[in-house]
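Enquirer: The lines below spell out each chain.
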Amino acid sequence: MENKSKTKLLALILFIASEIMFFAGLLSAYWVIRSQIPNWPPPGQPRYPLEVTAFNSIILFSSLATLWMAEKKLSLKRNYLSWLIVTVAAGSCFLIIQGVEWFRLIQQGMGLIGNVYGGLFYVVVGVHALHVAAGLSVLIYLLLKSLKMKTAMESDSLQLGKVYWAFVVLLWPFIYVGLYVI
Amino acid sequence: MSKKQSFLTKYIFSQDHKVVGVQYMILGLLMALVGGYLAYVFRYQLAYPNQSIPGYGVLEADKYNSAVTMHGTIMVFWVAMPILLSGFGNYLLPLMVGAKDMAFPKLNMLSFWVFFVSALTLISSFFVPEGAVGGGWTTYPPLMANPGFTGVGWGAPLWILAVALEFASMLMSGINFLTTTITMRAKGMTFFRMPLFVWMANVASLIFMFSVGPLIAGALMLLADQLFAVGFFLPEKGGDPLLFQHLFWFFGHPEVYVLLLPALGIVAEIITVFSRKSIFGYKMIIYSVLVAGVLSFLVWAHHQFVSGIDPRIAAPFGLTTILISVPFAITMFAYIASLWGGQVRFSTAMLFAISMIVEFLLGGVTGILNGATASDIYMHDTYFVVAHFHYTLFPIVFLTSFAGIYFWFPKIFGRFMNETWGKIHFWITAISANFVFLPLFFVGIAGNHRRIYDPSLFEHLKDFQYLHVISTIGLFVLIGAQVPFILNFFISMFKGKKATENPWEANTLEWQAPSPPGHGNFITDPVVHRWPYDYSLENTEKDWCPQTEAI
Ligand SMILES: [Cu+2]
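So the sequences go chain by chain: A and B. Under my numbering, the first residue of the first sequence is numbered 1, with each subsequent residue one higher. Under my numbering, the first residue of the second sequence is numbered 1001, with each subsequent residue one higher.
For reference, chain B alone in the conformation it holds in the complex:
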């Protein structure tokens, strides 16, 4: 009995930030399977319209809408955020600043279990009468404000409830990250000695906390429209549908950086370790990200260029959108400069990190075409936009998470993942992803609207059907490539090669703790003497210098 209890408090209702972090990661990965399955279902329909889908059956038009909506919702809110920010953030942040745990461990445990309930709530909406919501992940009214339009009675309010719970959980995490970073750093850990990941996770939390409020206000009013038919967003009742778009994107654009920044942090830690070079322009990166954080609140209306907003409003938002690419261009150049001339070690983690930079650049560059009002009016709501944001989000969410998992796995579980299988996983994933998303740029330019259920019905799209087929076959390969990853993950947990404290010869504090670290993390309280990026210094026999080493 007592043994069982200790299992419960150790692995299930744990207040240890490391366990909470791993719980977030594993639940996020499970949700990725759901999101991936949905992608498989609707991509099958797009390539081979109206045929029976193996493992699903025939996809009806309304269920197609649900599948697309839930795919987007799950991948952004239940995969990207929990893995990148809550998962890696919870696991790494206290270790990296040299703290024993989070400032509020109980709140931390609560945040995971609220997240767990939110995931259950979302999944349950598949099984209510009329099924899950199908109004798109942006849940625009008037479609979403009036059940008469979508036929969705239960799915829509459940979606709002689930998202609200998820946000509550993220808010708790964010407060924990910021308070821990501000008040619990180890002796000598000044702000400008913190690893970039810690900076990024904190700025991301701040951006989230300042942007989420207006969306909650909009969601509350949307809920009132759904349940009490008030009409806040219905023009015939005196409401304003554009208002919701403003409230949504005031949050929606900063949200992109809530995902991007932790990813950039993870990539920074990995490329410095495996190129054996210090990061180029550490402070410049931090200032760039802070500037981008502020600018991210001033770009939202670029999502609404064709929504009927005043062109005099559109113009300044086009300008800020071009401006915000500057700090990220600086960051990207700093990363490339950090790789330049290094003694690169091509581990699986490093391969994923480099591929993240490459593929993200393509996503970033195509975003400029959407930010410029003139070209966006043509591109808007086509597959070009879909291809663009998948070229940003796929590297951010998946390539980065894989990089992080291969890199920190030895710390988390005390064992390595298999590198050969890791590299097989990497090459198939990185290449097949391009087969999935690259064709979508071209169908988009050809004029394929992004919410079309059956492209073969349109004369002008018939010649481009083969591109949909390539994309879908690419997805089959991409999903198949995850099988070796999943097997590698679970087998390595128990049978992998044992890892020492600091197997990658890295500088940050988490590598000074045992692998895996016990409750309380460090054996002796660390004292920090230097920044985390002293690699290949002159006049030293080893080419790394842990932060705890005196100068």
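Bound-form chain A, shown alone:
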């Protein structure tokens, strides 16, 4: 059984490796196009939301810390559920704030049609948001399962969830710095 979970971890790492190449491709495409556009942001377009997203990044990072705490508590056979709930809440919070910002940008006239500036934002940030949603669904699934079974979950499944979540969170600074800050 212990062996099987190692195999699963290996499979997940291989999957994440190909995901990293995907984001590397996406971000280099972003840089190539951006370097050819003289005015960034183009006239009449809003700046990508720097400040709100800084706050949102802190939320995302704290969710990794709380998940780490949950795993630690589980290994000590203490109450880990509350930490897991906080993690799920923080992750959802991140997604909601991102969504609200999208609405604001659309209202400010950052469309998709014929707008490479807007398109890059929606594709890169949108794809990351989908990954956050996927990671979040895994965590919610683990949470519901352990609430239903009323026994502590296997630490292996939580570990797999944590590795994927760590990938999603640690990816974010590259996007935040590349798109919002610089």
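Worth flagging that the hints you see were computed from the coordinates, not collected in a lab. Just so it is clear, CB atoms sit at the ideal spot from N, CA and C, and this is done for glycine as well. Heads up, some of the hints might be wrong.
Computed footprint of chain B on chain A; a stretch qualifies when at least three of its residues, placed anywhere within it, have a C-beta under 8 Å from a C-beta of chain B [said to hold, decoys possible]: (1) 16-29; (2) 32-44; (3) 105-116; (4) 119-129.
Listed below are the simulated SDA-like cross-link pairs for lysine to any residue, each with C-alpha atoms no more than 25 Å apart in a straight line [claimed, not checked]: (5) A:K8 - B:T1190; (6) B:K1100 - A:F15; (7) B:K1106 - B:L1008.
Since the structure of chain A is already known, use the hints to place chain B with the ligand on it.
Expert: Relative to chain A, chain B with the ligand alone:
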């Protein structure tokens, strides 16, 4: 009712790696019929322009573009990859490392059914309004980014969807191959006791997994261009069409090795068995392939020498391209050295394997002319390039697959294929293929651009029309030669001569399992004592030594 269910779980929704492998092979062969039919249609047009094609009708110019595009797409993604990597890989890999099944059998089943859906999606694009996509298998923008140019509304997004599903399926297979090889090897099966095919399939999976991401990123942006008219790849919107070419070929060149490596693995297993000699330079081959795997990520821009990239970028890519031929030259020489002085048994499988080496060498050598920037600027986008990559891909995809099928058929179905019909199949296939592709070098040098619908319209090509006719007649023969193969395949499945466990007297583990192996593969768990290439050892009465035999 219960009997029907067991048929369903045994042959249709099976988690057994062997059934999944055979499913991949058969679907790949069916798709090859579609790809071959398309080749027949556009080759007919090229030899006899604007005449009614038997079994199709008159081929319009836009449908010509669709036929060429879909031929390339199908042969690379729906024939080569599923047969060579997923088909043989799934069937052989667990057996060769001595495992009972893949690490994730359910994921394996899922990967096949995702592949099945991807094939349906691709085929369905023939029947949507405006038909299948016609922008070439490389799907370059701005042609592909703007429906206004091609008139293709539905075909292009469906193409992207189908390819994305296919890649998802290959990703699942690749993860399974690597985890199975790393964690499930039999006792005593060290990495350097693994058959070359296992090495090759794993390196190919790694190359695929590290190269496919950037293409998916490009495809996603292309899809956004098609559906929402964003303009990522349209210069007038501030986008960059060259960017897509970079993303495509960052994947596209390594993809060549995703196909080549499993083929080299299959050929290695076959030539050692039938020359009764150990492989020459086992570790050297492995290291060469690893080096080539890394280099394959550094050559992509050689596809773009005439696309307007900076010559200062072109030069280093020309250099890496020449460099990458070195490890493959080493591998090829190792194979030839393995044949040298052996007691060669000319079975059908062996004939196909040898012909693969011979024809692939011609493809490899002509590639150097494309890799060198100076000659490529003249050759680029002519039939010379078409001839070159068909001389690599035809041996990789078809000659190797046939070799593998004739070789492992007794293991898979417990019966032999007919050798006489096999040899008839071999000789006609191997010879007629040269009639198809050799003339194309010459029309290419004569200046025939590869995407011309009707070469007879061009004054400078009129004298070379007879070469197109030879090529097309060669194709008729080549396609006809597959009839005995198909009949042989299905008749032998039920009526062929019964095979024993190890009919070819081979060393690798799959020949220690029953023919065909049951679910779970081995009767007793194999223990490995030696590498797989101990043939014709001194002081032994038989000239082979299975990996399970103690030293
Ligand atoms: Cu290439």
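Enquirer: Keeping to a limit of 25 Å between CA atoms, is the pair of B:K1100 and A:F15 held or broken?
Expert: holds (23 Å)
Enquirer: Quick check: the segment 119-129 of chain A, covered by chain B? Criterion 3+ residues, Cβ under 8 Å.
Expert: The restraint on the segment 119-129 of chain A holds, since 4 of its residues have a Cβ under 8 Å from chain B and three suffice.
Enquirer: Has the given pair, A:K8 with B:T1190, been kept, meaning a C-alpha gap of at most 25 Å?
Expert: holds (21 Å)
Enquirer: At least three residues with a C-beta closer than 8 Å to a C-beta of chain B: is that true for the segment 16-29 of chain A?
Expert: With 12 residues in contact (Cβ-Cβ under 8 Å with chain B), the coverage given for the segment 16-29 of chain A holds.
Enquirer: At a Cβ distance under 8 Å, does chain B reach at least three residues of the segment 105-116 of chain A?
Expert: holds (count 5)
Enquirer: Examine the segment 32-44 of chain A: at least three residues should have C-beta closer than 8 Å to a C-beta of chain B.
Expert: holds (count 5)
Enquirer: If you draw a straight line from the CA of B:K1106 to the CA of B:L1008, is it 25 Å or shorter?
Expert: OK: B:K1106 and B:L1008 at ~15 Å, within 25 Å.
The structure meets every hint from the earlier list without exception.
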